[in-house]
Amino acid sequence: MELQALTASATRLRSANIPLEFLSGSLWSVVQTSGQVKRINPVSGATLATINCGVDGLYGLGVGGGFIWANGRSGVAKIDPATNAVVATYRYRDLTSGQSNVFVSNGKAYACAAQGVLVIDLLSGAADEIVLDGGGCKWAHALAGGDIVIGTYSAPWLFRLGI
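Taking my numbering, the leading residue of the sequence shown gets 3, the next gets one more, and so forth.
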């Protein structure tokens, strides 16, 4: 019975094209127009916390390094699920309009934006931008040896970051 409730809730939310992630026993979702992330009880559907991210136009989410990552028009917010608080904010400099989820692997967070990818080092917190000539980023994934592959609207790109 509880599994059915969880499945039904997740299906309803997914069908509305709302990004969802699961971490620390909760569902996490963006409120795209308000710059907020909601923490939701997956069984009851009750809102457990509402986090104001300080990043407008939230579009996507990611999970990695024990944190929730929220991507929006002006940058990325890093949320600690232990405190339900934003612990770091990364602003876009040359990039604009975060438009997809945040992908976390190999010690980095990759936030897709309209003209490229913001790469955040999970240990140091340093952030670098990769500007793409071929259009906006749809997804990014790390490969072995420090390479990343980035899916754009026109074609996939392969980058060697020198790490």
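Don't read these hints as lab results, they were simulated from the structure. These numbers were taken from a predicted model, which means no experiment stands behind them. Don't take each hint at face value.
[To be verified] Have a look at the derived ranges for each label pair, beta carbon to beta carbon: (1) Gly47 x Asp135: 40 to 48 Å; (2) Ala48 x Leu145: 36 to 44 Å; (3) Ala48 x Ala84: 15 to 23 Å; (4) Phe24 x Asp135: 21 to 29 Å.
Ideal Cβ positions, reconstructed from N, Cα and C, are used throughout, including at glycine.
Hint by hint, here is what the structure shows:
1. Hint check: Gly47 to Asp135, Cβ distance near 44 Å, so the stated range 40 to 48 Å holds.
2. For the hinted restraint 36 to 44 Å between Ala48 and Leu145, the CB-CB distance of approximately 40 Å keeps it satisfied.
3. For the pair Ala48 and Ala84, the supplied restraint of 15 to 23 Å holds, since their beta-carbon distance comes to about 19 Å.
4. In this structure, Phe24 and Asp135 break the distance hint of 21 to 29 Å, their C-beta atoms being roughly 35 Å apart.
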